[in-house]
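Turn these sequences into a full structure, and let the hints steer you where they fit.
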Amino acid sequence: MAVSSSHMRFTFECRSDPDFSPPPSFDNLRRRNFRSSAGSGAAFRGVSSLIYRFPPNFQRQLSTKARRNCSNIGVAQIVAASWSNNNASNPAAGAPAPPAVSAADAATVPLPVDITADEDVVVSANDAVAAAADENGAVQLNHSSYSSFLKSDASKTIHAAERLGRGIVTDGITTPVVNTSAYFFKKTADLIDFKENRQVSYEYGRYGNPTTVVLEEKISALEGAESTVIMASGMCASIVLFLAVIPAGGHLVTTTDCYRKTRIFIETFLPKMGITTTVIDPADVGALETALEQHNVSLFFTESPTNPFLRCVDIKLVSELCHKKGTLLCIDGTFATPLNQKALALGADLILHSLTKYMSGHHDVLGGCISGSTKVVSQIRTFHHILGGTLNPNAAYLLIRGMKTLHLRVQQQNSTGMGMAKILEAHPKVKRVYYPGLPSHPEHELAKRQMTGFGGVVSFEIDGDLHTTIKFVDSLKIPYIAASFGGCESIVDQPAILSYWDLPQSERAKYKIHDNLVRFSFGVEDFEDLKADVLQALEAI
589 MAVSSSHMRF TFECRSDPDF SPPPSFDNLR RRNFRSSAGS GAAFRGVSSL IYRFPPNFQR
649 QLSTKARRNC SNIGVAQIVA ASWSNNNASN PAAGAPAPPA VSAADAATVP LPVDITADED
709 VVVSANDAVA AAADENGAVQ LNHSSYSSFL KSDASKTIHA AERLGRGIVT DGITTPVVNT
769 SAYFFKKTAD LIDFKENRQV SYEYGRYGNP TTVVLEEKIS ALEGAESTVI MASGMCASIV
829 LFLAVIPAGG HLVTTTDCYR KTRIFIETFL PKMGITTTVI DPADVGALET ALEQHNVSLF
889 FTESPTNPFL RCVDIKLVSE LCHKKGTLLC IDGTFATPLN QKALALGADL ILHSLTKYMS
949 GHHDVLGGCI SGSTKVVSQI RTFHHILGGT LNPNAAYLLI RGMKTLHLRV QQQNSTGMGM
1009 AKILEAHPKV KRVYYPGLPS HPEHELAKRQ MTGFGGVVSF EIDGDLHTTI KFVDSLKIPY
1069 IAASFGGCES IVDQPAILSY WDLPQSERAK YKIHDNLVRF SFGVEDFEDL KADVLQALEA
1129 I
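Here the sequence shown is numbered in the working numbering, starting from 589 and rising by one per residue.
If you are wondering where the hints come from, they were derived from the structure by calculation, not from laboratory data.
Don't be surprised by glycine CBs; every beta carbon is placed ideally from N, CA and C.
A few of these clues could be false.
Think about it this way: if two alpha-carbon atoms lie no more than 20 Å apart in a straight line, the pair counts; the simulated DMTMM-like pairs of lysine to aspartate or glutamate are [what the hints assert, rightly or not]:
#1 Lys849 <-> Asp1090
#2 Lys1098 <-> Glu855
#3 Lys1065 <-> Asp1117
#4 Lys930 <-> Asp952
#5 Lys775 <-> Glu750
#6 Lys1017 <-> Asp1121
#7 Lys1119 <-> Glu1077
#8 Lys1036 <-> Glu855
#9 Lys1119 <-> Glu1033
#10 Lys1036 <-> Asp1051
#11 Lys774 <-> Glu791
#12 Lys1010 <-> Glu1113
#13 Lys1059 <-> Asp1114
#14 Lys1019 <-> Asp1051
#15 Lys913 <-> Asp952
#16 Lys1065 <-> Glu1077
#17 Lys1100 <-> Asp869
#18 Lys1017 <-> Asp1051
#19 Lys904 <-> Asp869
#20 Lys774 <-> Glu784
#21 Lys1100 <-> Glu1049
#22 Lys1010 <-> Asp952
#23 Lys1010 <-> Asp1114
#24 Lys912 <-> Asp902
#25 Lys1036 <-> Asp872
#26 Lys1119 <-> Glu1013
Here are the simulated distance ranges between beta carbons [as the list claims (entries may be wrong)]:
#27 Glu908 <-> Gly976: 22 to 28 Å
#28 Ala1071 <-> Phe1115: 19 to 25 Å
#29 Ala875 <-> Pro835: 18 to 24 Å
#30 Gln1124 <-> Glu908: 45 to 51 Å
#31 Gln1124 <-> Pro1030: 51 to 57 Å
#32 Thr856 <-> Ile780: 42 to 48 Å
#33 Val867 <-> Arg751: 26 to 32 Å
#34 Ala770 <-> Arg848: 33 to 39 Å
#35 Ser961 <-> Ser736: 20 to 26 Å
This is the structure:
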């Protein structure tokens, strides 16, 4: 980089600590594309040990392009190149000696910065702000220009929030993990500026982390959202959502088919706050209209597709009904992913994901998120900061890494899911198949309108009892018997055993969880291998 003034241009480099070691070789400087020049024609001679200290957030206020050339986060120390000529110690007659510059002067004078990288970009500390804060001070990167060259979701999963730089100073292609629980201010005045919204910064690990912000911005780009908040799990996101947007004594509408732990929280904990709930069939629009008329409904929360029967909600229609009554609509799109369904574009106010599933895709990390408008997400974020449930930055890194293959994995799982659903539906030992890509699905036409793919999860009923179904599952060789779905490895389970075994059969039947129900999450294994394995397991019963 080169810092310019009216008198000279000198090269600087960001350091983690003041560096009083001998000057680096010219070859090393050339390797990093640093250059120096001076209007007076002074030749480059070397790098001095003089350290100029800029304000603590100087780097954060540089353009993202500029910060790519720096090497450490949280540092604002500039190593300036010396200027000299053959008579540096005795300036030529008539040539005024360069004025002495103090660290304080350097910290107060706005200097333009000339960036030498793949291309030259000129920015200044005053007008190049790489980050902004939402209403409650959370750092949000500003990458509005992504739309100019990242046209497809496939490209966004890889490059969004990273290709144009991020709030972490690095030359690395991959986003680093920032392991810290707190962030320091160099002086009290900086802290006061931060508290009074004149300065953007991080403060405490529970309130934000640079690695996590990259993940948030990547998801926002995929969902077309203004803001995203990341939490420790999908269940954590659901609970924070309910507590943040439904007031004490408020009313919630949800659907019959949903993740059981969500239902338990709604039925067991929300009543303690005086919150009442109406439960409707996912396709019963009339029941939704009645609930909206009879109650002051704060939130309609539903999965689409649902767990485990993959029912679909007409997002566009129900959003119109909700908005007429001032009701928020949140869609849990975990089974769809942002690649198969754009809930916000269809009219939803919020979209929630368990990042543990497809988004991670590797069965190695937990996470959850909520995306939507800055106004509503800020309300949720504030409550999240109070409750905790913070995602570890190492987990955020794993999620960023996992999302880079999301489009490849989902394409394969869409294809395998569709192919296996057809095979299962045609098999005499399968009683019924639940998959929105099949014409037999009750919301097939709706799914075709609002989804571009139907995912890798197929639920079906074996033509037999509990023990026959157990024999089928135990005969499979490829999938693991486990909870979760959406990962590279195929997973199979019997919901009656995995999720509802504590209930008697009669109680399970109320939720249509019969003993012969199987939920199969197809991974990214070869289709023919999975097909052969499923068919041999069916032949074994």
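Structure-based check of all given hints:
1. Lys849 <-> Asp1090: holds, 13 Å
2. Lys1098 <-> Glu855: holds, 15 Å
3. Lys1065 <-> Asp1117: holds, 10 Å
4. Lys930 <-> Asp952: violated, 26 Å
5. Lys775 <-> Glu750: violated, 30 Å
6. Lys1017 <-> Asp1121: holds, 15 Å
7. Lys1119 <-> Glu1077: holds, 15 Å
8. Lys1036 <-> Glu855: Violated - the C-alpha atoms of Glu855 and Lys1036 are around 33 Å apart, more than 20 Å.
9. Lys1119 <-> Glu1033: Between Lys1119 and Glu1033 the Cα gap is close to 26 Å, so the pair fails against 20 Å, i.e. violated.
10. Lys1036 <-> Asp1051: The given pair, whose Cα atoms are some 28 Å apart, is violated under the 20 Å limit.
11. Lys774 <-> Glu791: The given pair, whose Cα atoms are some 12 Å apart, holds under the 20 Å limit.
12. Lys1010 <-> Glu1113: Given that 20 Å is the threshold and the Cα spacing comes to 18 Å, the pair holds.
13. Lys1059 <-> Asp1114: Distance of about 24 Å is beyond 20 Å: violated.
14. Lys1019 <-> Asp1051: Between Lys1019 and Asp1051 the Cα gap is close to 5 Å, so the pair holds against 20 Å.
15. Lys913 <-> Asp952: violated, 41 Å
16. Lys1065 <-> Glu1077: holds, 12 Å
17. Lys1100 <-> Asp869: It holds: about 12 Å lies between the C-alpha atoms, which stays within 20 Å.
18. Lys1017 <-> Asp1051: holds, 5 Å
19. Lys904 <-> Asp869: Answer holds: Lys904 to Asp869 is near 17 Å, not above 20 Å.
20. Lys774 <-> Glu784: Measuring from Cα to Cα gives roughly 16 Å; hence the hint holds.
21. Lys1100 <-> Glu1049: Since the Cα atoms of Lys1100 and Glu1049 sit roughly 11 Å apart, the hinted pair holds (cutoff 20 Å).
22. Lys1010 <-> Asp952: violated, 30 Å
23. Lys1010 <-> Asp1114: The hint holds at about 17 Å.
24. Lys912 <-> Asp902: holds, 16 Å
25. Lys1036 <-> Asp872: holds, 19 Å
26. Lys1119 <-> Glu1013: Since the Cα atoms of Lys1119 and Glu1013 sit roughly 13 Å apart, the hinted pair holds (cutoff 20 Å).
27. Glu908 <-> Gly976: 22 to 28 Å: Given a distance of about 36 Å, which is not inside 22 to 28 Å, the answer is violated.
28. Ala1071 <-> Phe1115: 19 to 25 Å: holds, 24 Å
29. Ala875 <-> Pro835: 18 to 24 Å: holds, 23 Å
30. Gln1124 <-> Glu908: 45 to 51 Å: holds, 48 Å
31. Gln1124 <-> Pro1030: 51 to 57 Å: This hint is violated: roughly 31 Å between Cβ atoms.
32. Thr856 <-> Ile780: 42 to 48 Å: Roughly 45 Å apart at Cβ, these two residues keep to the hinted range, so it holds.
33. Val867 <-> Arg751: 26 to 32 Å: violated, 44 Å
34. Ala770 <-> Arg848: 33 to 39 Å: holds, 38 Å
35. Ser961 <-> Ser736: 20 to 26 Å: holds, 23 Å
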